[in-house]
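J.: Residues per chain, in single letters:
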Amino acid sequence: MARTAKTRKTPAKSKQQGPVDDPDFALHSLQEAFEKAKSYDASEDEMMEFYRQMLLIRRFEERAGQLYGLGLIGGFCHLYIGQEAVAIGLQSALDNDKDSVITGYRDHGHMLAYGIDPKVIMAELTGRQAGISKGKGGSMHMFSTEHKFYGGHGIVGAQVALGGGLALAHKYNEDGGLCLAYFGDGAANQGQVYETFNMASLWKLPIVFVIENNQYAMGTSTARSSAETEFYRRGTAFRIPGMDVNGMDVLEVRAAAEVAFRHVREGKGPVLMELNTYRYRGHSMSDPAKYRTREEVQDVREHKDPIEGLKKVLVENGKSEDDLKSIDKEIRRIVSEAADFAENSPEPEADELYTDVLVEEY
Amino acid sequence: MAIELKMPALSPTMEEGTIAKWLVKEGDEVSSGDILAEIETDKATMEFEAIDEGTVGKILVPEGAENVKVGTVIAVLAGEGEDVSEVEAPAETGDSKDEEADSTAKAEPKAEKSDDEQGSITPSKPKSEPKSDPAIPDGTNMATVTVREALRDAMAEEMRRDERVFVMGEEVAEYQGAYKVTQGLLDEFGPRRVIDTPITEYGFAGIGTGAAMGGLRPIVEFMTFNFAMQAIDHIVNSAAKTNYMSGGQMRCPVVFRGPNGAASRVGAQHSQNYGPWYASVPGLIVIAPYDSSDAKGLLKAAIRSEDPVVFLENELVYGRSFELPELDDHVLPIGKARIVREGSDVTIVSYSIGVGFALEAAEKLAEEGIDAEVIDLRTLRPLDRQTILESLAKTNRLVIAEEGWPTCSIASEVIAICMEEGFDHLDAPVLRVCNEDVPLPYAANLEKMALIDAPRIVEAAKKVCYV
Chain S
12 MARTAKTRKT PAKSKQQGPV DDPDFALHSL QEAFEKAKSY DASEDEMMEF
62 YRQMLLIRRF EERAGQLYGL GLIGGFCHLY IGQEAVAIGL QSALDNDKDS
112 VITGYRDHGH MLAYGIDPKV IMAELTGRQA GISKGKGGSM HMFSTEHKFY
162 GGHGIVGAQV ALGGGLALAH KYNEDGGLCL AYFGDGAANQ GQVYETFNMA
212 SLWKLPIVFV IENNQYAMGT STARSSAETE FYRRGTAFRI PGMDVNGMDV
262 LEVRAAAEVA FRHVREGKGP VLMELNTYRY RGHSMSDPAK YRTREEVQDV
312 REHKDPIEGL KKVLVENGKS EDDLKSIDKE IRRIVSEAAD FAENSPEPEA
362 DELYTDVLVE EY
Chain G
580 MAIELKMPAL SPTMEEGTIA KWLVKEGDEV SSGDILAEIE TDKATMEFEA
630 IDEGTVGKIL VPEGAENVKV GTVIAVLAGE GEDVSEVEAP AETGDSKDEE
680 ADSTAKAEPK AEKSDDEQGS ITPSKPKSEP KSDPAIPDGT NMATVTVREA
730 LRDAMAEEMR RDERVFVMGE EVAEYQGAYK VTQGLLDEFG PRRVIDTPIT
780 EYGFAGIGTG AAMGGLRPIV EFMTFNFAMQ AIDHIVNSAA KTNYMSGGQM
830 RCPVVFRGPN GAASRVGAQH SQNYGPWYAS VPGLIVIAPY DSSDAKGLLK
880 AAIRSEDPVV FLENELVYGR SFELPELDDH VLPIGKARIV REGSDVTIVS
930 YSIGVGFALE AAEKLAEEGI DAEVIDLRTL RPLDRQTILE SLAKTNRLVI
980 AEEGWPTCSI ASEVIAICME EGFDHLDAPV LRVCNEDVPL PYAANLEKMA
1030 LIDAPRIVEA AKKVCYV
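Residue numbers (my numbering), protein chains in the order written: chain S, 12 to 373; chain G, 580 to 1046.
If we strip away everything but chain G, and leave its shape as in the complex, we get (with noise of 0.2 Å):
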């Protein structure tokens, strides 16, 4: 049967090109790999080349000819045992038929069709309802832990109740943590679990995302999440991507975590909040705890999921000590935000170090007689809009207060969803309490200014009170 040779396309973007040279003439023998003809857009030339074996029949298309539309029948090669005067031109031949149907083929996963399509099938979201937290049962202890220990207490719990569990990270072992979150683990587990990096940061979340993918269920500790900046790309391109790549074959349940955000005048690249930045990554759960029982509970859940999960602490809240319940398994909701102070006339949101001034900022404006409700988000992705809806719709005045940069942050994330979705409850616009939009400075006095504080929250929440 004879073979049609068609324009081919460049790019996905190429509708026509030019034949600017035939490498063959009518009668050649061509076997695959040939280079038959030369094509040229305004970008790239390429060499057009033989797939089948053959005999050049017919060229239909002269050297030279300018906008040959993409899919055109350009020459007609004899196939073996054929007699090449007997190929003809395929309109002739009746072979039409067959690039119709080549044609309609052709179209079909063009996006002008599929857009129709969708216009009457649009996919619904699905929509899951977050958890609530278990309930303590009465009578338990609650201990005083700081949130070092909280996070600590997490792993090795989940290290000796699952083998795949290890930790690596600069200074995890035998320095026993940088911040001694990992303090006495390599005790306990032995250097197989407990795994010293070099100062290789790009390396070594590669190296955690990969053993993930292979089975393991990784802790990857960055000693801040600014050096975390170096494997961003593993973290965004390997561990959230490659499930939906592949389908959902593929499993990455790894735990990226560390201190994120401000500490204590280490300047600007040591000072950075990346809550936002994870959290708009598809793929990726984002969970920023204040206290210790939700570092804990939720660094257990953590550990547990099969999603890749990037956990976010703060070297101000390290030492800090909280009550916690002393249960034997105490895992808590991923994606679950918690009313940790009910009020009726302001919703405060915040999360992370944020809390506590959100916390302050409430007794200081009780003070004043404005009850305020304060709202730990906890999980950044997915985020419980339903929590803060909620309180929008009984308060109807919101104030957002993040340890970080105004633009593009989950304060502004908070108001587009009250926007979108809380708008008939609001009785003032939302407002956020951000640090400064500039790099951390060093000096104390600049430092100050630039963060967040109880004060600034305050002032907000009074605005938003016209008070």
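This is chain S alone, in the form it adopts within the complex (with noise of 0.2 Å):
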């Protein structure tokens, strides 16, 4: 079937017709579907589940910095501070019976949102035994099946290709379910992720690409990286709807959640959404931070911190300061027994150096 090629600077004759039958609106519709309301209209309970879940990540990654510093924790650590808005924000809206998750090493937020104890999780990155891949993954390599989430991937932009076969697996046993992929404003310039939204649009597979751009590819901002800075236009040759989110507002996040999850349920095919959002710490913890000015990261921290935004929401609702401290304290006991936990539990045994090379015995 030809499709009559055209750009936007020669738009569809519409013959009298709505933007439905022009076949670029397809391309914006979501965006402006999201524009018409862009704050989810959340609940109480919603709103104190958010600000809680976003505060965990924080303190659970500030100590995690911590612990990294004292030596207990090795090799490569990449913290999620800042970015809290964008998995709890999509995570919330998902169906976690059916939907799966798989993203980059970034990945200790992710798991979080899931309610994955962060005992299990910090023992991980200390290369306990207790950890939840048993020590032997580390901070980028962690997973759970149970949960439908599929790692932690330390190669960058490979799991936007794996989040295809797991889109494809979905499809394929008509189970309902979508796959949200995400990746970063620097995996977003590798190629695979272009063969994977070629063939996730040709097939029309339920997938969510997400960019979590957070400006900055390790020590390169996106201006030096990227010919195309507005990442959501990327899918547009591959006519993959994009939209533009503001990530730094989890309420702005769940509402763009909504449009877009929408879209691939009706088995339209895969949404690109780029989530505008910020890391206040290095790339990883060994970053000199020499690529942008302090000044740069406290703008961001005071005017657009995720979790103050959503605190201003709730005291504004006629939340208290002590009903939000009294969280803030609670969650501090979770991240100390877990930061406790993670240090004083056993290292893997021994024979664990040969257990799970492979499944079956030959």
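Any given hint could turn out to be false.
To be verified - Derived DSBU-like pairs (lysine-lysine); straight-line CA-CA distance at most 30 Å:
(1) G:Lys943 x S:Lys340
(2) S:Lys301 x G:Lys648
(3) G:Lys637 x G:Lys604
(4) S:Lys340 x G:Lys604
(5) G:Lys973 x G:Lys943
(6) G:Lys973 x S:Lys336
(7) S:Lys336 x S:Lys315
(8) S:Lys336 x G:Lys648
(9) G:Lys600 x S:Lys315
(10) G:Lys915 x G:Lys973
(11) G:Lys973 x S:Lys301
What the hints assert, rightly or not - Here's a subset of chain S near chain G, in silico, CB distances under 8 Å, partners left out:
(12) Leu81
(13) Phe154
(14) Val370
Unchecked claim - Derived CB-CB ranges, DEER-like:
(15) S:His314 x G:Glu645: 52 to 62 Å
(16) G:Gly827 x S:Asn355: 45 to 55 Å
(17) G:Glu608 x S:Asn184: 28 to 38 Å
(18) S:Glu157 x G:Ala847: 26 to 36 Å
(19) G:Thr592 x S:Lys109: 40 to 50 Å
(20) S:Asp351 x G:Ala972: 48 to 58 Å
(21) G:Asp907 x S:Asp351: 50 to 60 Å
Don't read these hints as lab results, they were simulated from the structure. Ideal Cβ positions, reconstructed from N, Cα and C, are used throughout, including at glycine.
Dock chain one against chain two, each of which comes alone in its own frame, and use the hints as you go.
T.: Rendered as structure tokens:
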């Protein structure tokens, strides 16, 4: 079937019909739907839960940074501080019985968003037997098949193609699920991302591609690495509709997720969401942070912080400082317990060296 | 309770650093996220952030101090409701006990200690015995079938048996397979289970791997393994390692298959044996069969395996016919070599197309009175060391013939095994017969010179027999 090629400069002559008949409309229809109701109408309980979860990620990551500084966590450790609203806003809209999630190496926040016990995550960071990967994966390689969370991948961009495969499995099995595949603005320049866009759109796979644009690919700003920095447009060549979302506002993220997920669940193929966010910490713990000014980081912290933003809404809705303080206290306790557990539980048994290489015996 | 702020490490290898600048002074209120100080090493500068809320009590290590050891208490923070003036340096308040406890905990994961421990409890590598081929019942009809048909039948049978099995790759469906291996599958199973992909190896290898992680059993066909170079990241980093990295949670039962090795006059970029590449990767199964029976029985086993399998075929062998037992379910054990010709004077080990040359060489050697035993490895990982060593114990002489480069090859590996585990049985050095160590040339005469053949195997066998 030949599709009439059109560019934005030569819009379809719409023959007195609505935008629905404009083949290019599909590419921005979701954004338009989202613009109409940009903030999710959360109940008080939902809002408190978002607050609690974001705060848990923040405190957990701060503690992880501290344990790293003490030498208890080794290797690479990429913290999610500043980006909390993305994982919470999106994952709160999933159907956890059906949907799957996959991400890159900055994965602690996505695991916590599932309500996975912080103890087993922290114990993985310290490389202990009780860790979710028995201490054999580490910060970048964590999985929970029980929650349909498929990692935790250390090769930049690999999770996008793997996510395409998870989506293929949803479609093949007709299980009604979708795959949420996260990647960063850096990964967005990998070739396999576009190979996956092509097949996902061609085969109408149920997948939501999420670019967490935290402005820096390690130390390289998007402006220095990307010819098109409006990442939500990057699916256009594959006829994948894009959405441009403020990733620092959990209610906006959730509202956008509702629009995107509905589209995918209706069998209309993939959606590409760009979540504009910011990481406060370095790319990894050993980042010298010479590529941006302290003022830039401080400005985001002061004016756009996702947790402070939601706190303001909660206070406006009548929550008292004390209510919120008690949540903070509770979370500090949970994180402390996780850190103690991670510090004190034993390292893997020596025999674990040889387990899990293969599943079967030959 | 006062909170001790300790000198942080910027990296796992950092042992000490400089406090370049204090950005707070005693008495300042801080909240989590505030930057307290700048720490420097020769490599990097890091901002040291507050984790907790409180008031800066005492700064114990002044600005500009160099060679401050990681873990040293550099300041003390007074918590909520505490009087700053009462906050003392840890040594004077008796907090040193905590400090000690902390430093013990810190030292625990360090390598020195665990090395010692491992010295006494060296884990033993689990050993498993390769399984033998099932006996073929008396009276079983032997059909003559090409390798191409055997592979197709293996896929079709497994697709009938298990709804989760599907095939994807370039030209596998409507074109009926670039080398016709998937012929007829689209007609029987439809486009849901026989999926034509665009020319996008990295992408579809990733999608196949992800689908396996999601519970399906994909057979990913590469038009040739040369193109899988574009996809090797997913085969090695995604498929092979994920089960281990997840502590056994993640499964990846995918089969990557397609022709491997030199074809005919297709030049250097389309002629390479990847057996040694994949066979070096823990977490992968690597199979390279020669005849129709092994092709079918091992492909069926590969599809049923819970582990990721690289299944290396050979274009020049696709059209050869061999006997194949007509059984309802012909499945062979992975990891077991096969003695394809028994002999007592010298062992010739080979796999894939090399087995044909080895058998041809054995015939020629027989004419000269040398009785050669020929072993087809069939599986390259895990390698059946036992069959090789038992044969070596019998013949005391061994040659390995491999259609591939000699350096870091399966041949090198077999030689190492014979040296390490069969030294006492060797009456001559093990010799390898491999392709020439050059990219494969196009010209007919040069190509012929570059590839292994039976005469070269004969020559090597005679050499180890000192004839």
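J.: Taken at face value, is the distance from the CA of S:Lys340 to the CA of G:Lys943 at most 30 Å?
T.: Violated, at about 84 Å.
J.: The hint says 52 to 62 Å between S:His314 and G:Glu645; measuring C-beta to C-beta, is that right?
T.: 37 Å, violated
J.: Verify the CB-CB distance for G:Gly827 and S:Asn355 against the hinted window 45 to 55 Å.
T.: 24 Å, violated
J.: Between G:Thr592 and S:Lys109, is the Cβ distance one that fits in 40 to 50 Å?
T.: Holds, at about 44 Å.
J.: Compare the distance between the alpha carbons of G:Lys973 and S:Lys336 with 30 Å, and conclude whether the hinted pair is satisfied.
T.: 79 Å, violated
J.: When the nearest CB of chain G is found for S:Leu81, is that gap smaller than 8 Å?
T.: 6 Å, holds
J.: Take a quick look at whether G:Lys600 and S:Lys315 sit within 30 Å of each other, Cα to Cα.
T.: 27 Å, holds
J.: Verify the proposed pairing of G:Lys915 with G:Lys973, using a straight-line Cα cut of 30 Å.
T.: 18 Å, holds
J.: Is the Cα-Cα distance between S:Lys301 and G:Lys648 30 Å or less?
T.: 24 Å, holds
J.: Are the Cα atoms of G:Lys973 and G:Lys943 separated by 30 Å or less?
T.: 21 Å, holds
J.: Under the criterion that the straight-line Cα-Cα distance not exceed 30 Å, is the pair S:Lys336, G:Lys648 satisfied?
T.: 35 Å, violated
J.: Is G:Lys973 within 30 Å of S:Lys301, Cα to Cα?
T.: 67 Å, violated
Of the numbered hints given earlier, the model fails hints 1, 6, 8, 11, 15, 16, 17 and 18; all others are met.
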